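**Q** Chain by chain, the residues:
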Amino acid sequence: MKALILVGGFGTRLRPLTLSVPKPLVDFGNKPMILHQIEALKEVGVTEVVLAINYQPEVMLNFLKDFENKLDIKITCSQETEPLGTAGPLALAREKLIDGSGDPFFVLNSDVISEYPFAQLIKFHKSHGGEATIMVTKVDEPSKYGVVVMEEGTGKVERFVEKPKIFVGNKINAGIYLLNPSILDRIQLKPTSIEKEVFPKIADERKLYAMVLPGFWMDIGQPRDYITGLRLYLDSLRKKASVKLASGPHILGNVLIHESAVIGEGCLIGPDVSIGPGCVVEAGVRLSRCTVMRGVRIKKHACISSSIIGWHSTVGQWARVENMTILGEDVHVCDEIYSNGGVVLPHKEIKSSILKPEIVM
Amino acid sequence: MGSSEERVVAVIMVGGPTKGTRFRPLSLNVPKPLFPLAGQPMVHHPISACRNIPNLVQIYLIGFYEEREFALYVSSISHELRVPVRYLREDKPHGSAGGLYSFRDHIMEESPSHIVLLNCDVCCSFPLEAMLGAHKSYGGIGTMLVIKVSAESASQFGELVADLETKELLHYTEKPETFVSNLINCGVYIFTPEIFSAIEDVFKQRKERANLRRVSSFEALLSATKALPADFVRLDQDILSPLAGKKQLYTFETLDFWEQIKTPGMSLRCSGLYLSQYRHTSPQLLASGDGTKKATITGDVYIHPSAKVHPSAKIGPNVSISANARIGAGVRLISCIILDDVEIMENAVVIHSIVGWKSTIGKWSRVQGEGDYNAKLGITILGEAVDVEDEVVVINSVVLPNKTLTVSVQEEIIL
Numbered sequence: 102m103k104a105l106i107l108v109g110g111f112g113t114r115l116r117p118l119t120l121s122v123p124k125p126l127v128d129f130g131n132k133p134m135i136l137h138q139i140e141a142l143k144e145v146g147v148t149e150v151v152l153a154i155n156y157q158p159e160v161m162l163n164f165l166k167d168f169e170n171k172l173d174i175k176i177t178c179s180q181e182t183e184p185l186g187t188a189g190p191l192a193l194a195r196e197k198l199i200d201g202s203g204d205p206f207f208v209l210n211s212d213v214i215s216e217y218p219f220a221q222l223i224k225f226h227k228s229h230g231g232e233a234t235i236m237v238t239k240v241d242e243p244s245k246y247g248v249v250v251m252e253e254g255t256g257k258v259e260r261f262v263e264k265p266k267i268f269v270g271n272k273i274n275a276g277i278y279l280l281n282p283s284i285l286d287r288i289q290l291k292p293t294s295i296e297k298e299v300f301p302k303i304a305d306e307r308k309l310y311a312m313v314l315p316g317f318w319m320d321i322g323q324p325r326d327y328i329t330g331l332r333l334y335l336d337s338l339r340k341k342a343s344v345k346l347a348s349g350p351h352i353l354g355n356v357l358i359h360e361s362a363v364i365g366e367g368c369l370i371g372p373d374v375s376i377g378p379g380c381v382v383e384a385g386v387r388l389s390r391c392t393v394m395r396g397v398r399i400k401k402h403a404c405i406s407s408s409i410i411g412w413h414s415t416v417g418q419w420a421r422v423e424n425m426t427i428l429g430e431d432v433h434v435c436d437e438i439y440s441n442g443g444v445v446l447p448h449k450e451i452k453s454s455i456l457k458p459e460i461v462m
Numbered sequence: 036m037g038s039s040e041e042r043v044v045a046v047i048m049v050g051g052p053t054k055g056t057r058f059r060p061l062s063l064n065v066p067k068p069l070f071p072l073a074g075q076p077m078v079h080h081p082i083s084a085c086r087n088i089p090n091l092v093q094i095y096l097i098g099f100y101e102e103r104e105f106a107l108y109v110s111s112i113s114h115e116l117r118v119p120v121r122y123l124r125e126d127k128p129h130g131s132a133g134g135l136y137s138f139r140d141h142i143m144e145e146s147p148s149h150i151v152l153l154n155c156d157v158c159c160s161f162p163l164e165a166m167l168g169a170h171k172s173y174g175g176i177g178t179m180l181v182i183k184v185s186a187e188s189a190s191q192f193g194e195l196v197a198d199l200e201t202k203e204l205l206h207y208t209e210k211p212e213t214f215v216s217n218l219i220n221c222g223v224y225i226f227t228p229e230i231f232s233a234i235e236d237v238f239k240q241r242k243e244r245a246n247l248r249r250v251s252s253f254e255a256l257l258s259a260t261k262a263l264p265a266d267f268v269r270l271d272q273d274i275l276s277p278l279a280g281k282k283q284l285y286t287f288e289t290l291d292f293w294e295q296i297k298t299p300g301m302s303l304r305c306s307g308l309y310l311s312q313y314r315h316t317s318p319q320l321l322a323s324g325d326g327t328k329k330a331t332i333t334g335d336v337y338i339h340p341s342a343k344v345h346p347s348a349k350i351g352p353n354v355s356i357s358a359n360a361r362i363g364a365g366v367r368l369i370s371c372i373i374l375d376d377v378e379i380m381e382n383a384v385v386i387h388s389i390v391g392w393k394s395t396i397g398k399w400s401r402v403q404g405e406g407d408y409n410a411k412l413g414i415t416i417l418g419e420a421v422d423v424e425d426e427v428v429v430i431n432s433v434v435l436p437n438k439t440l441t442v443s444v445q446e447e448i449i450l
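Chains A and B, in that order, are what the protein sequence lines are. Going by the numbering used here, the first sequence opens with residue 102, and the numbers climb by one from there. Going by the numbering used here, the second sequence opens with residue 36, and the numbers climb by one from there.
No lab work stands behind these hints, which were simulated from the structure alone. Keep in mind that a hint or two might mislead.
[To be verified] For lysine-lysine, the following DSSO-like pairs were computed, each having C-alpha atoms within a straight-line distance of at most 30 Å:
#	chain 1	residue 1	chain 2	residue 2
1	A	K227	A	K239
2	A	K452	B	K127
3	A	K457	B	K127
[As the list claims (entries may be wrong)] Listing some non-contacts, in silico: residues in chain B with all C-beta distances to chain A over 12 Å:
#	residue
4	R42
5	R86
6	K171
7	N217
8	H339
9	D407
10	N409
11	V427
12	E447
This structure is a prediction, so every number in the text was calculated from the model and none was measured. Here a beta-carbon is modelled for each residue, glycine too, at the ideal position from N, C-alpha and C.
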C-alpha cells in the first residue's frame, strides 16, 4: 500500500524551531514529527510513503535516507513548484500512488498527531465499499473548523459545513484519509482544496464515509498546540502502559526521557515532559509541561514550565523559563534570568530577563 | 623607499554568520557583507575605495562565512577591478588582529610595503589615498582613521587622544564608562608589515604568562567562563592600546560621514549616505526623471537597469531599487531599499522601509517605518517573499520571510 503525507511549506507558525529544520523533522516526543506517522503506516503494511513538499527537499531527503534504511520502507518526495492546495499534490504524485493493484492509499496531513488506528480504518473502508473514508474527531468548539455532518449508523457523509454559525455537529475533519485510486480521476494538477472541492462532490454521490477517530487528536503546527499535543501523546502512552515512560521518585505524571539523557540529583520532572537525546539536566531542576530537545543542558536549580527548549540550547543556573517560552536552536539563557514567554531565534544569548512575551531576534 | 618599491595589500574583515544576529531578518537570507547599499553589496564600497590606492596589488576578504557565499562575488569583482580579490576563511573567529595574523603568509606574499585594514561594516568615504600619504609622512607602524563625534555617543566606540600637532596616538580605550575623548576609532587602518611583529609579541607574552603562573582552581573557573581564548586577539584593546604614546601609532582625521552598519535600520541610513556620495564620485549611477518619459525622481535615487518603474510613480529621496523590481503606476517610494524581483502594485506607498527579495506590495497598501534608524522597530523590514495584500497598512514592523499579510499591523514582529 502507498501513502501521501501533505507536508506543505515553510512551517512559519512553528518558528523559531522551523528556522533550523523543516517542520516534519521538528522533534515531538523525542522523534521527528513525521516519523510517528511513517512508523504507524509501516505497521499496517504501507511500503512506500510519498512526501508532498514545497521546499527544502535536500534537507528532508538526507534524513529520510536514514529512516528508509532503519524502517525498511521506501520514502520519496514529490515537490510542488507552486502551492497546489490540499488536493493538487495528489495529482502531482499520481504515478507514485497508483501501482495497478487497485489498493486504496492513505493521505495524511503532516501536522496531525493521533493514535493512527490505520488497521481499523482499512477494515471500515473495505466494509462500506465507498470511494473514500475520512477520519473525523470530536471537538468542543466545532465552529472554528469545517464540520462533517454524517449519518449516525453507517458513517456516510451527508455534507461539509465550513465554520457553521449554528450547531450542526461536533465532528471535524482530522486530516487522515483512505482513498481509492479512482479519486485521482477527480483531481486536476492545479491548486485545489480537497475539503472544499473534492470531498463534497464525492459526498453528493453518497460515496464518502467518515470514521470517528478513537483516542486523541491534535494539530501541532503551532507552539501552544504542540505543548497540549505532548500531554495527549504522553497520556496515550500511559494508557498503553508503555515502558517508554519514566518512573521514579523524581518523576511526576507522564514523562519521556531518552536513554542517553542524564538527570541530576534532587530534580522534579513532570507532568508532561519530554527530554531528548544527550540532554543534561543538572541537580535541583524543576521541569513541567515542556519539551527539551536534543543536546540541551539545563543547569542547576533552574525551573522550566510550559515551554519548548530548542536543540543544543542551555538554560542557566536558577533561571526561570515559563509561559510559552520558545527557544530556538543554540540559545543560551544566562544564570538567574527570567523568561516570561520569550520567543528567541537561533544562536542568541539571553543576558537580561524577558518580563513579558516578546520575540527576540 | 621609492614608489616603485611600494606595494599595497588591502584586507577587509567581513565577519561571519553567528556574529550578526543584529542584522536579522535580512541576514537570514544573505550574509551581511553582501547586503546591497545604494545598489552595491556592502563590501563593495570599501573595495571600491581601494581602487584609489596607487600600487594596490591584492585585496583579501577575511571572515568565517562559507567560501561558497563569496565565490561568485569575488570572481566578478576581481574581473571588474583587474586586481585579484580573494576570500580567506577563518575556521573560527580569532578577533581582528588574530585573523590578520593567521593569514600573514598570504598577506605578505607580494611583499607589500603597506597593509590597509578595513572593517566591512563601516560606512564612510574611505579617504585611503590621503591617509596613505599621511602615514608615510608620520613614519610609524600604523595610522588609524579617526573622527569627532558627540560626547554622548562616543562611549559606544573606542575613544582616543591624539597629539594636536604630531597627530600621534597618545591614549586609547574601548567603550569607556567615563568620558575620555570625543575622538573615536573609525575601524580603518594603514599598517607597515611590522604590525605582525607587534601581534606576535602579544601571543608570546600570553604564552609566557600562562606558563609562569600556577593557575589556582578558582582562577581556572573564572578563565573558563570569562576570558577569551588565547588565540583571540583584538586589534584595538590588545595591540594598539598598549602601543599608544610610544611614537608608533598615528591618527588621520576625517571630516566626512562615518557610521557603523550594525542593524537593518542603519543599512537604510548608510545606503542614503552612499547615494549622496555618488553625486560627487559617480553621478552616472544616480537616476533622473521628471514624470514625462521616466518616473519623477527627487533627491538621490539608484535604479538598477533591469528594474521597471512606471512613469507616473514618484521615487525618492534616498531610494535604491534592485534588479528586476517592478514599480507600478502611481507608486510613491521614500527612503527605502527595494530588493531584487519585488513587485509594487499601483498606488502603493513605501516609506522608511526595506522590502525583501521577491516580495509583493498590493494596491493602495502602505508600508511605513517611523525612520528611527537605531530603534528596534524604527523602520519596517519585510523579509524574502513577503506578500502584503491590497490596502493593508504595515507600520514599524518586522516580517520574517514567506509570510502573507492580510490585515494591517503596527509595531509587531511577525515570525
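**Q** Could you work out which of the previously given hints the structure breaks and list their numbers from low to high?
**A** Hint check: 3, 12 fail, others pass.
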